[in-house]
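Chemist: What follows is each chain in one-letter form.
4 protein chains.
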Amino acid sequence: MAITLRLALFLVYRRGMELRYLTPLTASEQISQGLDQAKPMALADRVRFSELDILRHVNNKAYLGWFETARVSYFDRLCAKHFNGLPAPRSVLRNANVHYRREMVLDEPYITTARVIAFRNTSYVMEQQIWSGGLRATLEAVMVLRSPDGSAGYPLPETLKQQFIDIDGARPDQD
Amino acid sequence: MAITLRLALFLVYRRGMELRYLTPLTASEQISQGLDQAKPMALADRVRFSELDILRHVNNKAYLGWFETARVSYFDRLCAKHFNGLPAPRSVLRNANVHYRREMVLDEPYITTARVIAFRNTSYVMEQQIWSGGLRATLEAVMVLRSPDGSAGYPLPETLKQQFIDIDGARPDQD
Amino acid sequence: MAITLRLALFLVYRRGMELRYLTPLTASEQISQGLDQAKPMALADRVRFSELDILRHVNNKAYLGWFETARVSYFDRLCAKHFNGLPAPRSVLRNANVHYRREMVLDEPYITTARVIAFRNTSYVMEQQIWSGGLRATLEAVMVLRSPDGSAGYPLPETLKQQFIDIDGARPDQD
Amino acid sequence: MAITLRLALFLVYRRGMELRYLTPLTASEQISQGLDQAKPMALADRVRFSELDILRHVNNKAYLGWFETARVSYFDRLCAKHFNGLPAPRSVLRNANVHYRREMVLDEPYITTARVIAFRNTSYVMEQQIWSGGLRATLEAVMVLRSPDGSAGYPLPETLKQQFIDIDGARPDQD
Chain A
1 MAITLRLALF LVYRRGMELR YLTPLTASEQ ISQGLDQAKP MALADRVRFS
51 ELDILRHVNN KAYLGWFETA RVSYFDRLCA KHFNGLPAPR SVLRNANVHY
101 RREMVLDEPY ITTARVIAFR NTSYVMEQQI WSGGLRATLE AVMVLRSPDG
151 SAGYPLPETL KQQFIDIDGA RPDQD
Chain B
1 MAITLRLALF LVYRRGMELR YLTPLTASEQ ISQGLDQAKP MALADRVRFS
51 ELDILRHVNN KAYLGWFETA RVSYFDRLCA KHFNGLPAPR SVLRNANVHY
101 RREMVLDEPY ITTARVIAFR NTSYVMEQQI WSGGLRATLE AVMVLRSPDG
151 SAGYPLPETL KQQFIDIDGA RPDQD
Chain C
1 MAITLRLALF LVYRRGMELR YLTPLTASEQ ISQGLDQAKP MALADRVRFS
51 ELDILRHVNN KAYLGWFETA RVSYFDRLCA KHFNGLPAPR SVLRNANVHY
101 RREMVLDEPY ITTARVIAFR NTSYVMEQQI WSGGLRATLE AVMVLRSPDG
151 SAGYPLPETL KQQFIDIDGA RPDQD
Chain D
1 MAITLRLALF LVYRRGMELR YLTPLTASEQ ISQGLDQAKP MALADRVRFS
51 ELDILRHVNN KAYLGWFETA RVSYFDRLCA KHFNGLPAPR SVLRNANVHY
101 RREMVLDEPY ITTARVIAFR NTSYVMEQQI WSGGLRATLE AVMVLRSPDG
151 SAGYPLPETL KQQFIDIDGA RPDQD
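Protein sequence lines, in the order shown, are assigned to chains A, B, C and D.
Per this note's numbering, the first sequence starts with residue 1, numbered consecutively.
Per this note's numbering, the second sequence starts with residue 1, numbered consecutively.
Per this note's numbering, the third sequence starts with residue 1, numbered consecutively.
Per this note's numbering, the fourth sequence starts with residue 1, numbered consecutively.
Okay, chain A solo, but in the shape it has when bound:
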C-alpha cells in the first residue's frame, strides 16, 4: 500500500455515511464502508433487475461487467495520462480468474475495487473485489498491452510502472 493511502486509514472515522454511487470513493469512504483497506479505485453501485437470472440471484456474467466498469475507470483516471503523446494502447484481458463467495440479490448496494498487484514489461495483474457487507467476489485479471493494431506488445511507460509501485503497492516481476 502506498503511504498516502495508509495514512488515510488512521485518519478515518466511522459514521453512518450515505453511500456515494458511481463516483470514485475516497480512502476514508472505503474504510467506513467496511473494506479491508483503501484501493486506488472503488466505485459503489447497486444490483439491477436485468442482472438477475431465473434463480433470482445475480447471474455470474453480471460480475464481469461490474469489474469491467471499475477497470475502465481505473485506466481512464490513473493510467491514460501516462500515454500522452504516445499511440493509445490496446488493453487486452488475457486471463480472468473469478471467485464467487456469496450470492447477491436485487437492489443490494456494493463496491467494486481495482488495484494493480504486479507488472512486467508489457502486462500487469489487477486484483478486483466486490464488497457488500463483506467480500462477495474477487477477480484476478491479467491485462496485456498491445500496439493499436494489436500486432505487437506495448511496453508500459516507466512513469506508469513507478505509479503502480507508489500508489498500488505493486510488485515488479521478471519477464
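In short, the hints are calculated from the structure, not lab data.
For every residue, glycine included, the Cβ atom is placed at its ideal position computed from N, Cα and C.
Don't take each hint at face value.
As the list claims (entries may be wrong) - SDA-like mimics (lysine to any residue), calculated; alpha carbons at most 20 angstroms apart, straight line:
{"hint": "1", "chain 1": "C", "residue 1": "Lys61", "chain 2": "A", "residue 2": "Leu106"}
{"hint": "2", "chain 1": "D", "residue 1": "Lys61", "chain 2": "C", "residue 2": "Thr69"}
{"hint": "3", "chain 1": "D", "residue 1": "Lys161", "chain 2": "D", "residue 2": "Arg77"}
What the hints assert, rightly or not - A few chain B residues that don't get close to chain D, going by computed Cβ distances all over 10 angstroms:
{"hint": "4", "residue": "Pro24"}
{"hint": "5", "residue": "Gln33"}
{"hint": "6", "residue": "Asp36"}
{"hint": "7", "residue": "Val47"}
{"hint": "8", "residue": "Leu52"}
{"hint": "9", "residue": "Ile54"}
{"hint": "10", "residue": "Thr69"}
{"hint": "11", "residue": "Asn84"}
{"hint": "12", "residue": "Met143"}
{"hint": "13", "residue": "Gly150"}
{"hint": "14", "residue": "Ser151"}
Given the coordinates of chain A, work out where chains B, C and D should sit on it, guided by the hints.
Modeler: For chains B, C and D alone, kept in the frame of chain A given last:
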C-alpha cells in the same frame, strides 16, 4: 400532475447540486437537473463501457435496461403495497414504443423517469424518459397485469387506480 | 412482395424439415416453417438461458438483440454492396415500436425476419417479426442513414431504393 | 475419454461438412470441425453484433454467456435424469478461470464444449473450450451443488459420478 408535485415546482431553487445516483430523486432535485416537471420516479445513473457498441455510442438495447430499472423501482416503491394480502400479479410488457432523440456516450450521467399516464381495468400506460442536458429518449410502455400463472387478466386494485390519478395525474380510459 | 419471392410460395412443399440455424433461410424453408410469407431475411435461432429473467420467460430486452442480429445481417447481405465506392453510412435506429404477443421460454427455436416496408430519401421503415409456431413479437423500426461522422443525413443510393421496391415490395414515401 | 467416444474417433471421416448450429454435435462432427477430441457436449454458434464492443472484437463477457449456454445444455441432457425423484439441486458456479487466447470478430462460427474432468462429493470441475480454427478460449469452472434453498451441500448421485467417469473420463478427487 398531482398537487404535491406541482407545489414542489414553485418551491424549488436551482443550484449546482451534485447528482445523487441510484436513489429516487426528489421533485426539487429533478427540476434542478433540468427536467420539464417532477415525475413520481426519477433515478440518476451513468453510461457504462458495456453499454457501448462498435459505433462508440450507447447501443439501442441498453436504454431498454434503463427503462426497466426505473419501472421495477416504480412498481416496488409505489405499487407493491396495493397488493398486500393479494396474490402477486405478473406484470407483462405488451407494447414498447421507444423514440431515440440524441445518441449518448461513455460516462454521461442521465436520469430515467417513470410516470403512469393512463390506465384501464387490467392495464396501464407508462411514459418513461431519459434526460441528460435535454430529453434523449422516450418510451411509451403498455403494461398488462396477469394472474400469477399468467392465465387471466388481473384487475388493478381500486386504491392503485386512485393513486395513478392523484400522484401521476393519470387518465382513466374506457375498457 | 417481389415476384421472385411470390413464385417461391407456389413451388414450396411442406415437409418435416430440420431447421437450419443462423444462416439465412430460403423462401421455401420459411414457408415450411409456418411464416405467412417469405421475407428478404429470415434467421433461425434458439432461446438461451441468459435471455431469461426471474419470471423464467424471455426478457423483453432480449428480443431487441434478436431483431438487431437480423437487421445487421439484412444490411450486410442486401444493402452494403450499394455503398461500394461511397463512404460507409452510419445506420441509426430512430424509433422502435415493439409488440409482444406471447411469451417465450428456454430452448424454443424461433425465426427472426426483416423486410423494408417503406422508405424516404434518407430513411426507411423496417418490419421485423419473431415466429415460433405463430407470430410471437413484432418490431416496426425507423432507420435513418447519417454521414460517417453523424452530422448530416445520407441519401439512400437509387439502386438500393429500387431494390427495396423490387425485393421487399416497399412503398416510396414523400419526404 | 470414454470408450464410446474413443471409438468414434477412429470411425470418423473428414469432409467439408456444413456446421450444424445450436444442436449438440456428434463425435464425428466435432473431429471434422478440428477439435482435438470429441467432448460430451459441443454446440456450434456464431458471433452476434451485440457481442462486440468498441474495439470491434468480441467482448470478454460474451464468452461467459457462451460457456453458460453449453453448461446448461450439458446439465439438461446429461445430468438432469440422474435427479429424477429427487429435489432439483441448485447448481452454483464457485470459481471461473477464463483464458483468452485469440480475439474473435463478427459472424465467426465457433464451437463451445463442456466436459467434466474431476469431481468430489458435492462438486465437480468442468473444462470448457471455444474452438474456431483452433482453440480461442478456455474456462475451468468449479461447480457446486446445493440444496434447493441453497442452505446445504447436495451430494452428487452415485449414478452421475459413474457417468462422469465413463463418459467424460473424469477423475474422482478426495474430499
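Chemist: The structure should be examined with respect to each hint, and the outcome stated for every one.
Modeler: Results for each hint:
1. C:Lys61 - A:Leu106: It holds: about 18 angstroms lies between the C-alpha atoms, which stays within 20 angstroms.
2. D:Lys61 - C:Thr69: holds (18 angstroms)
3. D:Lys161 - D:Arg77: holds (15 angstroms)
4. Pro24: holds (29 angstroms)
5. Gln33: holds (28 angstroms)
6. Asp36: holds (32 angstroms)
7. Val47: holds (12 angstroms)
8. Leu52: violated (5 angstroms)
9. Ile54: Violated: least Cβ distance 5 angstroms, not greater than 10 angstroms.
10. Thr69: holds (19 angstroms)
11. Asn84: holds (25 angstroms)
12. Met143: holds (25 angstroms)
13. Gly150: holds (21 angstroms)
14. Ser151: With a cut-off of 10 angstroms, Ser151 of chain B remains clear of chain D, as the shortest Cβ separation is near 24 angstroms.
Comparing the model with each numbered hint stated earlier shows that hints 8, 9 do not hold.
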